[in-house]
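J.: Residues per chain are reported as follows:
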Amino acid sequence: MLEAHATRPAGAANAPAVSDCPTEVVSHVAVNAEYRHLVLRAGAPATLAEPGQFFHLLCPANGEDKPYLRRPMSTYRADPATGTVEFLYKVTGLGTRALTALASGDELNILGPLGVGFRLDPAWRTIVVLGRGVGLATLAPLAEAAHALGIAVTAILSARRADLVMSAERFAAIGAQVVPVLDSDGSSEPARVAALLDGLAEAGRADAVFTCGSNRLFRLAKDVAARRGIAGQVALEQQMACGLGMCFCCVRKFEVDGRLVDRRVCWDGPVFDLKEATSW
Amino acid sequence: MLEAHATRPAGAANAPAVSDCPTEVVSHVAVNAEYRHLVLRAGAPATLAEPGQFFHLLCPANGEDKPYLRRPMSTYRADPATGTVEFLYKVTGLGTRALTALASGDELNILGPLGVGFRLDPAWRTIVVLGRGVGLATLAPLAEAAHALGIAVTAILSARRADLVMSAERFAAIGAQVVPVLDSDGSSEPARVAALLDGLAEAGRADAVFTCGSNRLFRLAKDVAARRGIAGQVALEQQMACGLGMCFCCVRKFEVDGRLVDRRVCWDGPVFDLKEATSW
Amino acid sequence: MVKLAVDVGGLALANPVMPASGTFAEGLDRVFDLNRLGAFVTKTITQDFRAGNPVPRVCESAEGLLNSIGIPSKGLAHFIEHVVPFYARFSPPLVVSISAPTVDGFAAMARALTIPGVAGIEANISCPNIEEDGKSFAMEPRLTAQVTEALRRATSLPLWVKLTPNTGDIVAVARAAETGGADAVVVSNTILAMRIDTDTFRPKLGNVLGGLSGPAIKPIALRMVYQCAARLGIPIIGCGGIATAEDAVEYLLAGASAVQVGTTTFVRPTAMIGVIDGLAAFCRRRGIADVNNLVGAVADAGFDGQVAEAAS
Amino acid sequence: MVKLAVDVGGLALANPVMPASGTFAEGLDRVFDLNRLGAFVTKTITQDFRAGNPVPRVCESAEGLLNSIGIPSKGLAHFIEHVVPFYARFSPPLVVSISAPTVDGFAAMARALTIPGVAGIEANISCPNIEEDGKSFAMEPRLTAQVTEALRRATSLPLWVKLTPNTGDIVAVARAAETGGADAVVVSNTILAMRIDTDTFRPKLGNVLGGLSGPAIKPIALRMVYQCAARLGIPIIGCGGIATAEDAVEYLLAGASAVQVGTTTFVRPTAMIGVIDGLAAFCRRRGIADVNNLVGAVADAGFDGQVAEAAS
Ligand SMILES: Cc1cc2nc3c(=O)[nH]c(=O)nc-3n(C[C@H](O)[C@H](O)[C@H](O)COP(=O)(O)OP(=O)(O)OC[C@H]3O[C@@H](n4cnc5c(N)ncnc54)[C@H](O)[C@@H]3O)c2cc1C
Ligand SMILES: Cc1cc2nc3c(=O)[nH]c(=O)nc-3n(C[C@H](O)[C@H](O)[C@H](O)COP(=O)(O)OP(=O)(O)OC[C@H]3O[C@@H](n4cnc5c(N)ncnc54)[C@H](O)[C@@H]3O)c2cc1C
Ligand SMILES: Cc1cc2nc3c(=O)[nH]c(=O)nc-3n(C[C@H](O)[C@H](O)[C@H](O)COP(=O)(O)O)c2cc1C
Ligand SMILES: Cc1cc2nc3c(=O)[nH]c(=O)nc-3n(C[C@H](O)[C@H](O)[C@H](O)COP(=O)(O)O)c2cc1C
Ligand code: FES
Ligand code: FES
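Protein chains in written order, with my numbering: chain A, 1 to 280; chain B, 1 to 280; chain C, 1 to 312; chain D, 1 to 312.
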């Protein structure tokens, strides 16, 4: 069963308009061996992107790498005050490899902001964000938005090794309690992370849980949230062509009233209710 | 009638090998509103290019301009001593527009040297070169090669206006007699240029005539050379794909023993005997 | 002022530029004013609910896109109830793309869609005909004529028939559509293609095979438009790889009366606006008062494209 | 050491990489050592002298080339006298591409070329058959079978039949070639296409129509190889848009036993060497001892490409 119209949350209608806009590279540095941090100068509506929304990047050709489609990237930061939009990305294939050639002063066309971001209930007092890898890029602005609403944040940051935990300082800067969990010492094992989350819920420190970047983390968050009856959201990824709900290539399965329905990650998401999202 | 094998002059077999080589842009400046001068750092065999030979340039994509084929360009200068190869080109369309984006330090792949260049008979004492527009780019190295052999040069340089006469200083530097002929004062009219050429022949100052860049100049040079029984060569252009004699797209008609035959400009030329070449 | 208005098979359009089916939806409304378009063409719909194909549903290629979206559809009733009213607030005419597995199925849909708010029908006959061993209608002149005749009887709306390039003789198929009563043909749909992932050895599309679209196929679709134009009396809507106004001009010169922009919209969402403005600018620059003057204006005197020697 | 040697329809090749007909000539000898190639495939020749098509004979397109070179040929006698001896000094086998306007013409050429120095015949049957109203042999199974049978009777050399993509059913044509006695099929030739100059309104090719080649068409030719592989018992030589070793791997996985590189050589003259070295490196990296293990190794279990749902 597929839902084409009117599945977007009502609020999304008021989201900023989408613009297909040229930006200028302010800086572009390698964060570690795999990730790069790209800062762009942009105007509104790009800088109005909300946490969880994404952009569709027109990666320029770089030698033999000639990506044809755009590539989706979460908003790592968007700030109308500084007029910048930032991305944190992993070099994966053709498109991201082509991106690496961008230098300060170069132009980059980005389309956005796109999709439906995270929803924060002002009634919540404390939330947990649970991310891994590039999922942290997506969760950092959410934590900051929560902080702005006076909601406390616990950030469980999963990584292979301590030196690969990204953005910890951003979570720390808003006073979040940062809990790195690592493959290297076994602390990232699902059972142990689930226990951690359970403990937070038990302690009344998890009015809602947000996750991104790992199917294992998603499953355990969904599980704990269901067991505890707490709210939750997940930011999903799927291969995209248009990014605007037109092509139906980015569908995933969701459980709605006991049936599996297809929804478009770019248009109905990328942020979805944890209860409805299914494992991938 | 088409000639596929063994139409190349025998000497061509000893021409330098062809290499598909990366070069680095040393400088790239606009000569006037239409023409640009590109200097590349390259190694042998590129720097061994002979006058009249050409290179096939792999113009990099530039924004929406994504040339697929290479673009042929005459050797404007090639110097093993400085390790540079130079081109003088006119911005015409997709490929040359894309070229304009190259800046010092950028890489450019060029294939060459290609084709059969000019032949100079050491017995000649004095020659005339007759060019227009980008044809001057092709003739300048020829004049220098003639000078090196002790052959005097008269350079008739045709242009729309005095300020568009290019490379006059290069001809002057080797002691050539430089005769600009202009559209602006009518001196470039075929009849007047023919008279000029006739006068030089009459005065015994035209053992051979070389032309490039204009069909009108070609016709009058062919005509005068035939009437006067003097030698002559023309450097031709034709749209090219492979540049190596493989695709047969670059054919032109030649008169050989009263028959019209097709020859490949890239492989059998681009320099041809004035007697055999036909007007285009 | 350049005249951009065209009449395409009974439908008056403010300009000759519209989206290709399946590459357009209401999301574009967030990027530009949809009233600028010559027409709306919807994603193909079917009578009943359909889920579409397994993911991955797209992969890219050199200047092209492969898709095996299939036809996910919420069904005709949902479409009439929700989608038709959505487009009612815009001025461009709404052309509804339909598909069915049988001749009667096509006719029934056309009949049901002959309602206010629907300005025309585009029959996507590239789909398999289950009564003919799964062979696509548009691969054979006979099947094309059959389905077109049934559609013609079923609706008084302008009827466009969209052809597939996956046939050995597109001209014969186009003529069958004309004879069957089509008001215009759309040339064409995607070209059957595939890619394989050299890491996993798996096909890059969940459906294995998919359709190639985008700039890569432009010279092929353009050739088909040119071939059809020489033999048809009804208008042709050109479709395949259009990215710029120059591309659209090529199609018009080849004989198309209007054009559809598909895949490019995914890469450049404002591409259709660029084509419309660019067409006007092109005509102005060339002193062409009416865009219709470009239609079929290719300077090919002395050539017969049908009998031209094989390429290579 | 990775084993790169393959056997293609009776011809043993040191590696599976060779030039596509019409994109190779002795000029390449100035760029790299021709002995590296798996085989030589000549530009198509005809019995008698032919001039080829009017210029312009090529134009470019998005990641592609259109050509209407035609078949300029100095004739068979010249070829046997001058070209065959030229290639005798190299080690790769010489495959001669031939064309003729009639079945008998094809047979006569194959017979005349069954001589020392010629290792195989590639029949380019995309050309028009003058006995059949100018329809290309390769567009119809019946004509393909006829010409292949005649060729088979005429020569004992390995016989490759090169197919055209400009048909509605390439599998049927390929099967006809197999039944007719071909040792292998080449899939495929260029796709009929055109472009128009928007400045002059003239076709960009002197011949109006030409064949599209290059990376743009790769997913289409690859799909045809895959479809043929499912139904043929003889080897397939993949051809269309190959630029890199990865492209060649895609073709091998789809079912090709060898590949031909065409247009890319015009842009990157050393491309074939890159493909050969890249194939060896790919196998080494993946622990594949023999390149033949890649042939048809696409992980498509559970799919039937022939009946997959239409693309869109
Ligand atoms: C909403 C959203 C937000 C994202 N945010 C980020 C981010 O902030 N940082 C980051 O590093 N990555 C992010 N990704 C993933 C990123 O888009 C892919 O890594 C990238 O597209 C890979 O492209 P490539 O050309 O480098 O790799 P390739 O493997 O060459 O890509 C080939 C194709 O597969 C698709 N693809 C491959 N992997 C993915 C994937 N995981 N998700 C979606 N499509 C994929 C690409 O779109 C492309 O079409 C996000 C994805 C989505 C959908
Ligand atoms: C042997 C040779 C030497 C040349 N030397 C020079 C030189 O030194 N300086 C210079 O400015 N130009 C030179 N040219 C011409 C130059 O190659 C063309 O101007 C250039 O290819 C145009 O490409 P474009 O993409 O900018 O133009 P476009 O018009 O976009 O080109 C489109 C196509 O037409 C072909 N084409 C267009 N005009 C010509 C032409 N006059 N000759 C050949 N092909 C053409 C191009 O190859 C291309 O495939 C030379 C041409 C040849 C054959
Ligand atoms: C993602 C996608 C979905 C498509 N869906 C449909 C469809 O539902 N019905 C249809 O007739 N054509 C469909 N098409 C084909 C397009 O309408 C168009 O004919 C084709 O893509 C060629 O045009 P283009 O190169 O401009 O994209 C689809 C194409 C794409 C890329
Ligand atoms: C300029 C040119 C000339 C060609 N000439 C021939 C030919 O004479 N005979 C033939 O069978 N194919 C010919 N072809 C087709 C190629 O052999 C090949 O099948 C096609 O170009 C697809 O491969 P590619 O994309 O790698 O170029 C020619 C192709 C080009 C580009
Ligand atoms: S990417 Fe096109 S619908 Fe989501
Ligand atoms: S450009 Fe290919 S033969 Fe001259």
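Among these hints, one or two may not hold up.
As the list claims (entries may be wrong) - Partial selection, computed: residues in chain D whose CB lies under 7 Å from chain B:
no.: 1; residue: D29
no.: 2; residue: R57
no.: 3; residue: V58
no.: 4; residue: I69
no.: 5; residue: G75
no.: 6; residue: A77
no.: 7; residue: E81
no.: 8; residue: T200
no.: 9; residue: F201
no.: 10; residue: I273
no.: 11; residue: G274
no.: 12; residue: A280
no.: 13; residue: F282
no.: 14; residue: R286
no.: 15; residue: G287
Hint data in this document are derived by calculation from the structure and do not stem from the laboratory.
Every residue, glycine too, gets a C-beta built ideally from N, C-alpha and C.
J.: Determine for every hint whether it applies to the structure shown.
T.: Now for the hints, and whether the structure bears them out:
Annotation: D/D29 was flagged as interfacial toward chain B, and the flag is violated, the nearest CB pair being 9 Å apart, outside 7 Å. For the restraint placing D/R57 at the interface with chain B, the shortest Cβ-Cβ distance is roughly 4 Å, inside the 7 Å limit, so the hint holds. A hinted interface residue such as D/V58 counts as satisfied when its beta carbon comes closer than 7 Å to some beta carbon of chain B; here the least separation is about 4 Å, so the hint holds. Interface hint at D/I69: satisfied, since its Cβ lies 5 Å from the closest Cβ of chain B, which is below the 7 Å cut-off.
A least Cβ separation of about 10 Å between D/G75 and chain B goes past the 7 Å threshold, and the interface hint is therefore violated. Taking 7 Å as the C-beta contact cut-off toward chain B, the hint placing D/A77 at the interface is violated, the least distance being around 13 Å. With its C-beta approaching chain B no nearer than about 10 Å, D/E81 sits outside the 7 Å limit, and its interface hint is violated. The beta carbon of D/T200 is not positioned within 7 Å of any beta carbon in chain B (closest approach about 13 Å), and the interface hint is therefore violated.
The closest approach between the C-beta of D/F201 and any C-beta of chain B is roughly 17 Å, which is over the 7 Å cut-off, so the hint fails. About 10 Å separates the beta-carbon of D/I273 from the nearest beta-carbon of chain B, more than 7 Å, and the hint is not met. A cut of 7 Å between beta carbons decides the hint on D/G274: the least distance to chain B is about 10 Å, and the hint is violated. At its closest, the beta carbon of D/A280 sits 20 Å from a beta carbon of chain B; the interface hint therefore is violated under the 7 Å criterion.
Hint on D/F282 is violated. Least Cβ distance to chain B is approximately 22 Å, over the 7 Å limit. About 28 Å separates the beta-carbon of D/R286 from the nearest beta-carbon of chain B, more than 7 Å, and the hint is not met. Because the smallest distance between the Cβ of D/G287 and any Cβ of chain B comes to about 32 Å, over 7 Å, the interface hint for this residue is violated.
The structure fails hints 1, 5, 6, 7, 8, 9, 10, 11, 12, 13, 14, 15 (numbered hints given earlier, in ascending order).
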